[in-house]
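Asks: These are the residues of each chain, in order.
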Amino acid sequence: MTMMDKPFAITLDPGSSLANRTGSWRTYKPIYLDRLPPCNATCPAGENIQGWLFHAESGDYEAAWRSLTENNPLPAIMGRVCYHPCEGACNRQHVDSAVGINSIERFLGDEAIKRNWQFVKPATQSGKRVLVVGAGPSGLSAAYHLARLGHTVEIQEAGPFAGGMMRFGIPKYRLPREVIEAEVQRIVNLGVTITLNTKVSNIEASMQAGKFDAAFLAVGAHIGKRAYIPAGTAAKVVDAISVLRSMEGEEKPMLGRRVVVYGGGNTAIDVARSVKRMGAEPIIVYRRTRDKAPAHDFEIEEALQEGVMVKWLSTIKQAEEGEITIEKMALDDKGFPQPTGEFETLAADSVVLALGQDVDLGLLDGVPGLDVKDGTVQVGPNMMTGHAGIFAGGDMVPSERTVTVGVGHGKKAARHIDAWLKGETYAPPPKHEVAAFEKLNTWYYSEAPHVVRPTLDILRRQSTFEEVVGGLDESNALFEARRCLSCGNCFECDNCYGVCPDNAVIKLGPGKRFSFNYDYCKGCGVCVAECPCGAIKMVPEEN
Amino acid sequence: MSFQPVKFYQTGTFTVGNRLLAPEERSVQASGKRFNSINSGHRACQGCGEALGARYAIDAAMEATQGQLICANATGCLEVFSTPYPETSWQIPWIHSLFGNTAAVATGVAAALKIKQKKNPRAQEIRVIAQGGDGGTTDIGFGCLSGMFERNDDVLYICYDNGGYMNTGVQRSSATPPAARTATTMAVGPEPGNVFGQGKFVPAIAMAHEIPYVATATVADLRDLEAKVRRAMEFRGARYIHILVPCPLGWGTYSSETIKMARLAKETGIFPVFEAEHGEIKSALAIRRQLPVEDYLKPQKRYAHLFGKQPNVAVIAKLQALADRNIRKYKLLEGV
Numbered sequence: 001m002t003m004m005d006k007p008f009a010i011t012l013d014p015g016s017s018l019a020n021r022t023g024s025w026r027t028y029k030p031i032y033l034d035r036l037p038p039c040n041a042t043c044p045a046g047e048n049i050q051g052w053l054f055h056a057e058s059g060d061y062e063a064a065w066r067s068l069t070e071n072n073p074l075p076a077i078m079g080r081v082c083y084h085p086c087e088g089a090c091n092r093q094h095v096d097s098a099v100g101i102n103s104i105e106r107f108l109g110d111e112a113i114k115r116n117w118q119f120v121k122p123a124t125q126s127g128k129r130v131l132v133v134g135a136g137p138s139g140l141s142a143a144y145h146l147a148r149l150g151h152t153v154e155i156q157e158a159g160p161f162a163g164g165m166m167r168f169g170i171p172k173y174r175l176p177r178e179v180i181e182a183e184v185q186r187i188v189n190l191g192v193t194i195t196l197n198t199k200v201s202n203i204e205a206s207m208q209a210g211k212f213d214a215a216f217l218a219v220g221a222h223i224g225k226r227a228y229i230p231a232g233t234a235a236k237v238v239d240a241i242s243v244l245r246s247m248e249g250e251e252k253p254m255l256g257r258r259v260v261v262y263g264g265g266n267t268a269i270d271v272a273r274s275v276k277r278m279g280a281e282p283i284i285v286y287r288r289t290r291d292k293a294p295a296h297d298f299e300i301e302e303a304l305q306e307g308v309m310v311k312w313l314s315t316i317k318q319a320e321e322g323e324i325t326i327e328k329m330a331l332d333d334k335g336f337p338q339p340t341g342e343f344e345t346l347a348a349d350s351v352v353l354a355l356g357q358d359v360d361l362g363l364l365d366g367v368p369g370l371d372v373k374d375g376t377v378q379v380g381p382n383m384m385t386g387h388a389g390i391f392a393g394g395d396m397v398p399s400e401r402t403v404t405v406g407v408g409h410g411k412k413a414a415r416h417i418d419a420w421l422k423g424e425t426y427a428p429p430p431k432h433e434v435a436a437f438e439k440l441n442t443w444y445y446s447e448a449p450h451v452v453r454p455t456l457d458i459l460r461r462q463s464t465f466e467e468v469v470g471g472l473d474e475s476n477a478l479f480e481a482r483r484c485l486s487c488g489n490c491f492e493c494d495n496c497y498g499v500c501p502d503n504a505v506i507k508l509g510p511g512k513r514f515s516f517n518y519d520y521c522k523g524c525g526v527c528v529a530e531c532p533c534g535a536i537k538m539v540p541e542e543n
Numbered sequence: 001m002s003f004q005p006v007k008f009y010q011t012g013t014f015t016v017g018n019r020l021l022a023p024e025e026r027s028v029q030a031s032g033k034r035f036n037s038i039n040s041g042h043r044a045c046q047g048c049g050e051a052l053g054a055r056y057a058i059d060a061a062m063e064a065t066q067g068q069l070i071c072a073n074a075t076g077c078l079e080v081f082s083t084p085y086p087e088t089s090w091q092i093p094w095i096h097s098l099f100g101n102t103a104a105v106a107t108g109v110a111a112a113l114k115i116k117q118k119k120n121p122r123a124q125e126i127r128v129i130a131q132g133g134d135g136g137t138t139d140i141g142f143g144c145l146s147g148m149f150e151r152n153d154d155v156l157y158i159c160y161d162n163g164g165y166m167n168t169g170v171q172r173s174s175a176t177p178p179a180a181r182t183a184t185t186m187a188v189g190p191e192p193g194n195v196f197g198q199g200k201f202v203p204a205i206a207m208a209h210e211i212p213y214v215a216t217a218t219v220a221d222l223r224d225l226e227a228k229v230r231r232a233m234e235f236r237g238a239r240y241i242h243i244l245v246p247c248p249l250g251w252g253t254y255s256s257e258t259i260k261m262a263r264l265a266k267e268t269g270i271f272p273v274f275e276a277e278h279g280e281i282k283s284a285l286a287i288r289r290q291l292p293v294e295d296y297l298k299p300q301k302r303y304a305h306l307f308g309k310q311p312n313v314a315v316i317a318k319l320q321a322l323a324d325r326n327i328r329k330y331k332l333l334e335g336v
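These protein sequence lines are chains A and B, in that order.
Mapped onto this note's numbering, the consecutive letters of the first sequence carry residue numbers 1 to 543.
Mapped onto this note's numbering, the consecutive letters of the second sequence carry residue numbers 1 to 336.
Hints listed in this document are in silico derivations from the structure and should not be mistaken for laboratory results.
This structure is a prediction, so every number in the text was calculated from the model and none was measured.
Mixed in with the good hints there might be a few duds.
Claimed, not checked - Reference excerpt, derived from the structure (chain B facing chain A, CB under 8 Å, subset only):
| # | residue |
| --- | --- |
| 1 | 42 |
| 2 | 47 |
| 3 | 88 |
| 4 | 307 |
All C-beta atoms in this analysis are idealised placements derived from N, C-alpha and C, irrespective of residue type, glycine included.
Taking the hints into account, I'd like the entire structure generated from these sequences.
Replies: Quick look at the structure:
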């Protein structure tokens, strides 16, 4: 081109600054990453909570439910009885209050029951047969995951109903029975066989009889622990689990009007609240103080609201017909209760012992290789007992005894059983670093206080077994889901794309997130500082 | 309010986009098809607030005028880093003026376009923007700017205020805040840093001209900034937008903290964000979480002399008083 072709006073073509690769200035570069949200990190069932909330936020409840049930087949149950450690870890508590994860889980679970969503059957069958012993949360969870992996699963359950402790240990006012029925039925619909009233008394024999390739034991722990209390012949002393179990039957337990419940765990609270609903006057006797009690504080609070009496720092010395003698205790320097020599008598028609439960290990008699310690079966990191092919989980192995832990055991065991059946070992994928609160830029989240679930009127709570805690409706469940900060995981807010002074962020389109154009990224770090959820970090350049 | 905030879809309107918002409710910057008026490869420092502010503002103006825009640009950082001959980062018709005459150049362009429009009334109309830094606006180009205002020429003038002549080595301008250290207001002597009682706040002077539209904005409130550019383009005559653009080099802040500094300037009341029509204030962007001025001053090395072994509480109190006066004057706690 000659000079004459150009406009007046122009001698050079304008060039684009794209020729100037400013990326070469960089000493640090931003990278996108997924961090592990604290809710996920603490979930005993290994749920991807942030993942399913992401779908719930856009109102796609079915996708949310399907994402949730990748890890946990019992959301409607879990949304009622899980002690939600996730909410205790939720980063939003440092902004206003934790996201009501548990209430959204329940909403999704109830929605699934209402809309009759079913699990997708596996495309192929492995031909392997697995026996699951016990239809409690752990057994149901293992069966569900094994069935999804294409194995043929039969659950053998000693009791007349499926559900295990969810049915015989958790009162109706916390977990309506139709909810258990619906979620169990969905697992049956997936292809799992549940054989009720079938007590496995010898695991090897049962495996041989049914030609099973592997077994998962989850018989739970429901033999009430006894404590030695000098008792007159006419004194009525029963254990908490049998009381709760008999609530399920036609004949309600005969405990009298004044019922003393001995213990400070959740079972003690459950019994006290249940007998209150039957018209009795329960008194909990516990040897330590409220803050030392193993029961969850909200349960103690709800019990006190309902008129349950508690004698803290007290032990039962003697039980006679119609009355008991208790001794006052005092905490020593180390926080242990010590007797004071001060006694008191209480009118009591019966004493219910809620002192913990033991495992019935009868089915393992004579099985070689097993290691039983402190009344529980020892398992390896892969949930397998000392006997090849026999796995165990839930309350019968050493762990915290909750429904959620049981569900988590079932999933974990299922993965290892699946690998074992294929002659492989299962290695869980490495965990991402936790998305701590300091990684977030909470400026960007707008103010949104927590939605409180409706609580049943106190008079109805004292007299009926109606569910105490209500559910969310669609509008407030959506609101609650949208309170999620999406810690550590991109939710496509476009901030990085918008705030880059160098146009060095490429928007890849809905669902595809973003990438960096390292030709021009100068490594200023504005994107990292302004990412609300901590899904970008700076790393040093290699040279 | 200059824009209607979305109350709550996880982040409301605080983020640039938001997948839960309808596309028309997202910002211009959230769009994959935004103009990128100032493109990659420019030579601005890492974390440059001015480069960001210019893209925010000009992209919004391009959107509002369907790309029918001419921009005159004063000498200064923005021009130097975007257009080292023969390269340019500008993807719009753009003309470089002298340091002091960009308002006059834009006036001329607008006059020429008016004649062209008269000759060819069916041609799509083209709008004019003049832009410059605080040096080119509040000091060197102030005569031309005031002339443009009083004649009510049909130009939107945008000033990117980073509080000094940063490109030539951080010298003081009449927009440098009191107590700030620059190369010409050293942190020495009994009253270190820039002098109290000097300088000017051009948005207030623009308002005194009673031009149709005056607004301030920061790079920390994108939605507000875009709404103000859009609003400005709805008016005819002289309009003025003054955008606070933190400068990591001149302020002595981390390059990653550019937006944070702008946010702190607004949240402490140091920089009032408001809009005015025909000389009267119409709205102010309310402080969301009020903070003491120390939170804004401390991260900046230009104020480091206030935070030695013995913090200079007297000077900090004077700066707090300036912020408090802004809060009172512009009703920044309640918003208007």
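Asks: Hint by hint, say whether it matches the structure.
Replies: Hints and how they fare:
1. 42: holds (5 Å)
2. 47: holds (4 Å)
3. 88: holds (5 Å)
4. 307: violated (22 Å)
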